[in-house]
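> Now for the letters of each chain:
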Amino acid sequence: SDIHPVVERAKEAFLGGRTRPLEFRLQQLKALQRMITDRQTEISTALKQDLNRSQYDTPLLELISLENEIALAIEKLAEWAAPRPVEKNLLTLTDEVYIQPEPLGVVLIIGAWNYPWALTLSPLVGAIAAGNAAVVKPSELSEYSALLLRALLPRYLDKDLYPVITGGVSETQELLKQRFDHVFYTGSSAVGKLVMQAAAQHLTPVTLELGGKSPCYIDKNCDLRVACRRVTWGKFVNCGQTCIAPDYILCEPCIQGRVVEGIRQTLLEFYGADPKCSPDYGRIINQRHFSRIMGLMEGYTAVLGGQSDASQRYIAPTVLKDVPPQSRLMQEEIFGPLLPIVTVSDMDDAIRFINEREKPLALYIFCSDKKAVKRMIDETTSGGVTVNDVMMHCALSSLPFGGVGQSGMGRYHGRHTFDQLSHQRACLLRSLGMESVNLARYPPQDRHRARRARLALRSPMIDFSKRTFVWAVTATVIAFGLAIALCIIVNKINE
Amino acid sequence: MSEKEFPQVINRLRTTFRSGKTLPEEFRREQLSNLLSLVKDNEQLIIDAVYKDLRKPKFEAVLSEIEMCRNELYCAIDNFSSWMKPEYVSKHLAVKLDDCFVRREPLGVVLIIGAWNYPFQLILIPLIGAIAAGNCVIVKPSEVSAATESLIAELIPKYLSQDCYTVVCGGAEETKALLENRFDHIFYTGSQAVARSILQAASIHLTPVTLELGGKCPCLIYGRVNIAAAARRLVWSKFFNTGQSCVAPDYVLCTRDVRDALLPFLRETLEEFYSKEPQTNLDLGRIVTDRHWTRLMDLLHKSRGKVVLGGESHQEEKYIAPTVLVDVEEDDVLMEEEIFGPILPILTVESLEEGIDFINRKEKPLALYVFSEESSVVNTVMEKTSSGGFCSNDGMVHMTLPTLPFGGVGASGWGSYHGRWTFETFSHRRACMLRGWALERLNVLRYPPYTDNNLSLLCWTASAKKSWPSCSVM
Numbered sequence: 001s002d003i004h005p006v007v008e009r010a011k012e013a014f015l016g017g018r019t020r021p022l023e024f025r026l027q028q029l030k031a032l033q034r035m036i037t038d039r040q041t042e043i044s045t046a047l048k049q050d051l052n053r054s055q056y057d058t059p060l061l062e063l064i065s066l067e068n069e070i071a072l073a074i075e076k077l078a079e080w081a082a083p084r085p086v087e088k089n090l091l092t093l094t095d096e097v098y099i100q101p102e103p104l105g106v107v108l109i110i111g112a113w114n115y116p117w118a119l120t121l122s123p124l125v126g127a128i129a130a131g132n133a134a135v136v137k138p139s140e141l142s143e144y145s146a147l148l149l150r151a152l153l154p155r156y157l158d159k160d161l162y163p164v165i166t167g168g169v170s171e172t173q174e175l176l177k178q179r180f181d182h183v184f185y186t187g188s189s190a191v192g193k194l195v196m197q198a199a200a201q202h203l204t205p206v207t208l209e210l211g212g213k214s215p216c217y218i219d220k221n222c223d224l225r226v227a228c229r230r231v232t233w234g235k236f237v238n239c240g241q242t243c244i245a246p247d248y249i250l251c252e253p254c255i256q257g258r259v260v261e262g263i264r265q266t267l268l269e270f271y272g273a274d275p276k277c278s279p280d281y282g283r284i285i286n287q288r289h290f291s292r293i294m295g296l297m298e299g300y301t302a303v304l305g306g307q308s309d310a311s312q313r314y315i316a317p318t319v320l321k322d323v324p325p326q327s328r329l330m331q332e333e334i335f336g337p338l339l340p341i342v343t344v345s346d347m348d349d350a351i352r353f354i355n356e357r358e359k360p361l362a363l364y365i366f367c368s369d370k371k372a373v374k375r376m377i378d379e380t381t382s383g384g385v386t387v388n389d390v391m392m393h394c395a396l397s398s399l400p401f402g403g404v405g406q407s408g409m410g411r412y413h414g415r416h417t418f419d420q421l422s423h424q425r426a427c428l429l430r431s432l433g434m435e436s437v438n439l440a441r442y443p444p445q446d447r448h449r450a451r452r453a454r455l456a457l458r459s460p461m462i463d464f465s466k467r468t469f470v471w472a473v474t475a476t477v478i479a480f481g482l483a484i485a486l487c488i489i490v491n492k493i494n495e
Numbered sequence: 001m002s003e004k005e006f007p008q009v010i011n012r013l014r015t016t017f018r019s020g021k022t023l024p025e026e027f028r029r030e031q032l033s034n035l036l037s038l039v040k041d042n043e044q045l046i047i048d049a050v051y052k053d054l055r056k057p058k059f060e061a062v063l064s065e066i067e068m069c070r071n072e073l074y075c076a077i078d079n080f081s082s083w084m085k086p087e088y089v090s091k092h093l094a095v096k097l098d099d100c101f102v103r104r105e106p107l108g109v110v111l112i113i114g115a116w117n118y119p120f121q122l123i124l125i126p127l128i129g130a131i132a133a134g135n136c137v138i139v140k141p142s143e144v145s146a147a148t149e150s151l152i153a154e155l156i157p158k159y160l161s162q163d164c165y166t167v168v169c170g171g172a173e174e175t176k177a178l179l180e181n182r183f184d185h186i187f188y189t190g191s192q193a194v195a196r197s198i199l200q201a202a203s204i205h206l207t208p209v210t211l212e213l214g215g216k217c218p219c220l221i222y223g224r225v226n227i228a229a230a231a232r233r234l235v236w237s238k239f240f241n242t243g244q245s246c247v248a249p250d251y252v253l254c255t256r257d258v259r260d261a262l263l264p265f266l267r268e269t270l271e272e273f274y275s276k277e278p279q280t281n282l283d284l285g286r287i288v289t290d291r292h293w294t295r296l297m298d299l300l301h302k303s304r305g306k307v308v309l310g311g312e313s314h315q316e317e318k319y320i321a322p323t324v325l326v327d328v329e330e331d332d333v334l335m336e337e338e339i340f341g342p343i344l345p346i347l348t349v350e351s352l353e354e355g356i357d358f359i360n361r362k363e364k365p366l367a368l369y370v371f372s373e374e375s376s377v378v379n380t381v382m383e384k385t386s387s388g389g390f391c392s393n394d395g396m397v398h399m400t401l402p403t404l405p406f407g408g409v410g411a412s413g414w415g416s417y418h419g420r421w422t423f424e425t426f427s428h429r430r431a432c433m434l435r436g437w438a439l440e441r442l443n444v445l446r447y448p449p450y451t452d453n454n455l456s457l458l459c460w461t462a463s464a465k466k467s468w469p470s471c472s473v474m
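Chains as they are written, first to last, in UniProt numbering: chain P, 1 to 495; chain L, 1 to 474.
Treat the hints as calculated values from the structure; they're not laboratory data.
Don't take every hint at face value.
Straight-line C-alpha distance at most 30 Å; calculated DSS-like pairs for lysine-lysine [said to hold, decoys possible]:
no., chain 1, residue 1, chain 2, residue 2
1, P, LYS220, P, LYS30
2, L, LYS85, P, LYS374
3, P, LYS276, P, LYS48
4, P, LYS370, L, LYS384
5, L, LYS362, P, LYS159
6, P, LYS193, L, LYS176
7, L, LYS91, P, LYS177
8, L, LYS91, P, LYS76
9, L, LYS276, L, LYS302
10, L, LYS85, P, LYS76
11, L, LYS96, P, LYS30
12, L, LYS40, L, LYS85
13, L, LYS96, P, LYS374
14, P, LYS177, L, LYS176
15, P, LYS177, P, LYS193
16, P, LYS30, P, LYS76
17, L, LYS58, L, LYS40
18, L, LYS91, P, LYS374
19, P, LYS76, L, LYS384
20, P, LYS371, L, LYS21
21, L, LYS91, P, LYS370
22, P, LYS371, L, LYS91
23, L, LYS85, P, LYS370
24, L, LYS384, P, LYS11
25, P, LYS159, P, LYS48
26, P, LYS159, L, LYS384
27, L, LYS276, L, LYS58
28, P, LYS30, L, LYS91
29, P, LYS30, P, LYS159
Covered by chain P, per the in silico footprint, the following chain L stretches (three or more residues, Cβ under 8 Å) [said to hold, decoys possible]:
no., stretch
30, 84 to 93
31, 171 to 179
32, 215 to 229
33, 267 to 280
34, 389 to 398
35, 404 to 413
36, 429 to 436
Listed next, with one range per pair, are the computed distances between beta-carbon atoms [what the hints assert, rightly or not]:
no., chain 1, residue 1, chain 2, residue 2, range
37, P, PRO21, L, GLU173, 48 to 58 Å
38, L, TRP437, P, GLY167, 42 to 52 Å
39, L, VAL307, P, ARG150, 51 to 61 Å
The C-beta atom is built at its ideal place from N, Cα and C for all residues, glycine as well.
Please build the complete structure, drawing on both the sequences and the hints.
Below you can see the structure in the form of structure tokens.
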């Protein structure tokens, strides 16, 4: 296999130093931006073949966010890569003390199939910005996208630094045997464990963007119509194959009927009477997942939807009510267009239900009572939270996006990707002068020296950030000026 | 406590955590204050314990074990409530009316595994951050520093809430048994070999880790430099704690001329610090165990370098004199692994480039030192190498500043801590977006049935504008 030489070549290229200058990184980012703009049609076609993605869903779901990430990185790169000064103590008063972000080296990026472009290239943006080389391994399940990426990326980016390796399980295993400086994986928790285990051999740090069952609690005190519309949108976009899709609904029995009705009305608005004919409704990625999802439904009667067509890998938007917590539907992440409703007696019951389970990637709360919302956030945990909508916390790049517990480790988006794929190196630059200050710490030791050394180590921290310094100087000058003016006035009065 | 009790202990802590006991600010403040009292009340006991374990001189114990912990405690007590506050982030126009912030939340039950070289500090400083972040903690001190281990096991339950913080004692067997359980974070200080097995154990539960490891910290001396001052700082940082520091300068790289100029100053400084009879001098410590003493003596005997200073030893006392060797080559036995003792090899290079290449051929170290009064030299080395931390014209002091993150990169570790960084290590940064019911009209743009008009409008509202963070309406 030619995996090892490709990785070695990326390492050599990195060690050669050409990713260090910011101009190079900017140039690569701009090239990536061009690739997405120039090739939008081809990318859309590939996505249609992979997931029956509509021509609107592609820019909406993947390309806009990618373009925004690239634009942000280009705009902010100099700021992100600059040294970050920190507060000093007495001992380091005259020294330069700062944190310098540095590239890690060669990063392995393993993409996922549900948003093959965004989830593979978004980490790449941060990797490039941080000055790393990156080996990109798109998911083989989104076959057309993988092959297209392999054809396109080398035409726009540096071939040695950012190679694309396609393939399946055996290629991924081979890749994971190589030594990287960071592995960024998006996918399932089961495979996430294997990735972490493989990386452990080389003590390689990892970022794992995993999944889980993201609960969606709908309180009886909320705008039910709008809630149902937003939930329906989030659930059935990309045919439910989104890591932060609301996996299941929790609500009280008294509103269950209205929730079902709200979803039914919305589905009609969105996809018409027969979603199979709607150009805006997607398909399941492959036969295996189709069978898996159909299997989850076994034994339950859908209250909405339920139809399927294996030849098209089509599953209608489906809602099931009164689902028992111990059913198969509630054991694994659905990742498909099935929406179970589990009833709970009240918000406390919902909180208990959520806390009994693994920490999810996202939590959704629909409730108009701000105090109750705060309580629910305080008493639960999750990767992220969106209240009164779904998935939107993922769409703001200033918010860190990642999981906790089984839903993942590490975070990215915007500046967070840059930081995640950098080493924050602590730097202290001293001079050999002022040795007298140091004398207290050397042996031979006595009480006086000891006390002086202790004092030097102590704080309070002195904030030498520019703003504070400027303020302090200005305040002093103004104070002096006022004092002098006061003296003059007093003098004049006395005369 | 026997191994069989571990799952129960962890469950008990987990139940306490779930009850929310560790969450309120008042509780955390109380525990941190109690921890401060622990340090203040028992200063002499701590000094005695580390003296017993490492014959650590009182001065060193006070500086590295007591003072550093006190500083960290003051830093945490003064600041943790602001660390806890939600961090509001910049917003795009489309979410301007929404509450967007990052919440720091505790992880749950965390495990802290300490090391023997700074047995008190390496437990306490992570513990401070873990408590401040609202977690329950299992503390596993190193069994090698037995006196400190017992002291910690005795004091922690006396000062801290026994429902939330437990000390587990034991060796490799007990650690292995402990690791079979599920934690929400594992904080480990120690060697790479053990770190690998910890990472393996952690991957089974997808537990995030912080690994504070080691490596060979190079010390480059080059260009115009005040040799006397450099020698002083080098000797201090190398022989502090008898060389048993993860950030001690492991070996020196310099030109022949510098080496020749350096040696007399090293001799002079060693005499000044530890007198002509270092073995009887109270300011010099000892090697922690017979096993490590034997390991070091073995290295010394097998080395093909020439001892020019020191070399004396005494087995019963676990004493090794501060020793300097020259004519050490890259393939010498002393250059194979982290020395972790009072032995300083000096290797010669012809140029700065050669020195930098030498360093880059090895694993990324925990710390990298450069002694030079030429800022171009310092900057070149910094730019062309990588290391956990970097310090010019001194050794080790960069780790005493709580505002600098302390940790390794590559083989020297994963993650960082000290000051606020410890709090962040033991926290989950939860992204929160609180929306309202209004602006549903804007949302309508994203819903099917899709149209060209809606799409263009959406692209326009969602496109990244200069100096606004990007927001894509998915």
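> Look at each hint and say if it fits the structure.
Here is what the structure says about each hint:
1. The suggested pairing of P/LYS220 with P/LYS30 is violated, with an alpha-carbon distance near 49 Å, which exceeds 30 Å.
2. Proposed proximity of L/LYS85 and P/LYS374 is supported: the alpha carbons are some 14 Å apart, at most 30 Å.
3. Using a Cα cut-off of 30 Å, the hinted pair P/LYS276 and P/LYS48 holds, with the two alpha carbons roughly 15 Å apart.
4. For a cut-off of 30 Å, the pair hint linking P/LYS370 to L/LYS384 is broken: about 53 Å separates their Cα positions.
5. Distance check on the hinted pair: L/LYS362 and P/LYS159 sit about 27 Å apart at the alpha-carbon level, within 30 Å; holds.
6. Under the criterion of a C-alpha separation no larger than 30 Å, the hint pairing P/LYS193 with L/LYS176 is consistent with the structure, at around 19 Å.
7. Simply put, L/LYS91 and P/LYS177 have alpha-carbon atoms about 41 Å apart, too far for the 30 Å limit, and the pair is violated.
8. The straight-line distance between the Cα atoms of L/LYS91 and P/LYS76 is roughly 16 Å, inside the 30 Å bound, and the hint therefore holds.
9. Between L/LYS276 and L/LYS302 the CA atoms are separated by roughly 26 Å; this keeps the pair inside 30 Å, and the hint holds.
10. Among the hinted pairs, L/LYS85 with P/LYS76 is consistent with the structure: their alpha-carbon atoms are about 26 Å apart, no more than 30 Å.
11. Annotation: proposed proximity of L/LYS96 to P/LYS30 holds, straight-line Cα distance about 29 Å (limit 30 Å).
12. A hinted pair counts as satisfied when its Cα atoms are at most 30 Å apart, and L/LYS40 with L/LYS85 qualifies at roughly 29 Å.
13. Distance check on the hinted pair: L/LYS96 and P/LYS374 sit about 20 Å apart at the alpha-carbon level, within 30 Å; holds.
14. Distance hint between P/LYS177 and L/LYS176 is fulfilled; the C-alpha atoms sit about 25 Å from each other, no more than 30 Å.
15. Between P/LYS177 and P/LYS193 the CA atoms are separated by roughly 15 Å; this keeps the pair inside 30 Å, and the hint holds.
16. As the CA atoms of P/LYS30 and P/LYS76 are separated by approximately 13 Å, the hinted pair is consistent with the 30 Å bound.
17. The hinted pair formed by L/LYS58 and L/LYS40 meets the criterion: a straight-line CA distance of about 15 Å does not exceed 30 Å.
18. Annotation: proposed proximity of L/LYS91 to P/LYS374 holds, straight-line Cα distance about 21 Å (limit 30 Å).
19. With a C-alpha separation of about 24 Å, the suggested pairing of P/LYS76 with L/LYS384 holds against the 30 Å cut-off.
20. This hinted pair checks out: P/LYS371 and L/LYS21 have alpha carbons roughly 21 Å apart, not beyond 30 Å.
21. Only pairs whose Cα atoms come within 30 Å are accepted, and L/LYS91 paired with P/LYS370 is accepted, the gap being roughly 21 Å.
22. About 23 Å separates the Cα atoms of P/LYS371 and L/LYS91, which keeps this hinted pair within 30 Å; it holds.
23. Taking the CA atoms of L/LYS85 and P/LYS370, the gap is near 18 Å; set against the 30 Å cutoff, the hint holds.
24. The straight-line distance between the Cα atoms of L/LYS384 and P/LYS11 is roughly 15 Å, inside the 30 Å bound, and the hint therefore holds.
25. Proximity of P/LYS159 to P/LYS48 is assessed by CA-CA distance (about 27 Å); at most 30 Å being required, the pair is judged to hold.
26. Only pairs whose Cα atoms come within 30 Å are accepted, and P/LYS159 paired with L/LYS384 is accepted, the gap being roughly 23 Å.
27. Taking the CA atoms of L/LYS276 and L/LYS58, the gap is near 20 Å; set against the 30 Å cutoff, the hint holds.
28. As the CA atoms of P/LYS30 and L/LYS91 are separated by approximately 24 Å, the hinted pair is consistent with the 30 Å bound.
29. Distance hint between P/LYS30 and P/LYS159 is fulfilled; the C-alpha atoms sit about 15 Å from each other, no more than 30 Å.
30. Here the stretch 84 to 93 of chain L counts 4 residues with a CB under 8 Å from a CB of chain P, which clears the bar of 3, and the coverage holds.
31. Residue count for the stretch 171 to 179 of chain L with a Cβ under 8 Å from a Cβ of chain P: 0. That is fewer than the three needed, and the coverage hint is violated.
32. With 3 residues bearing a CB less than 8 Å from a CB of chain P, the stretch 215 to 229 of chain L meets the requirement of three and the coverage assertion stands.
33. Coverage of a stretch by a chain is defined here by at least three residues with a beta carbon nearer than 8 Å to that chain's beta carbons; for the stretch 267 to 280 of chain L and chain P the count is 4, and the condition holds.
34. Coverage of the stretch 389 to 398 of chain L by chain P holds in this model, with 8 residues showing a Cβ closer than 8 Å to a Cβ of that chain against a need of three.
35. Only residues whose beta carbon comes within less than 8 Å of a beta carbon in chain P count, and the stretch 404 to 413 of chain L has 6; three or more means the coverage holds.
36. Given a C-beta distance limit of less than 8 Å, the hint that chain P covers the stretch 429 to 436 of chain L holds, as 8 residues qualify and 3 suffice.
37. One distance hint, 48 to 58 Å for the beta-carbon pair P/PRO21 and L/GLU173, holds here, with the actual separation near 52 Å.
38. In this structure, L/TRP437 and P/GLY167 meet the distance hint of 42 to 52 Å, their C-beta atoms being roughly 47 Å apart.
39. Checked against the hint of 51 to 61 Å, the C-beta distance between L/VAL307 and P/ARG150 comes to roughly 58 Å, which is consistent with it.
Hint violations for this structure: numbers 1, 4, 7, 31, all remaining hints satisfied.
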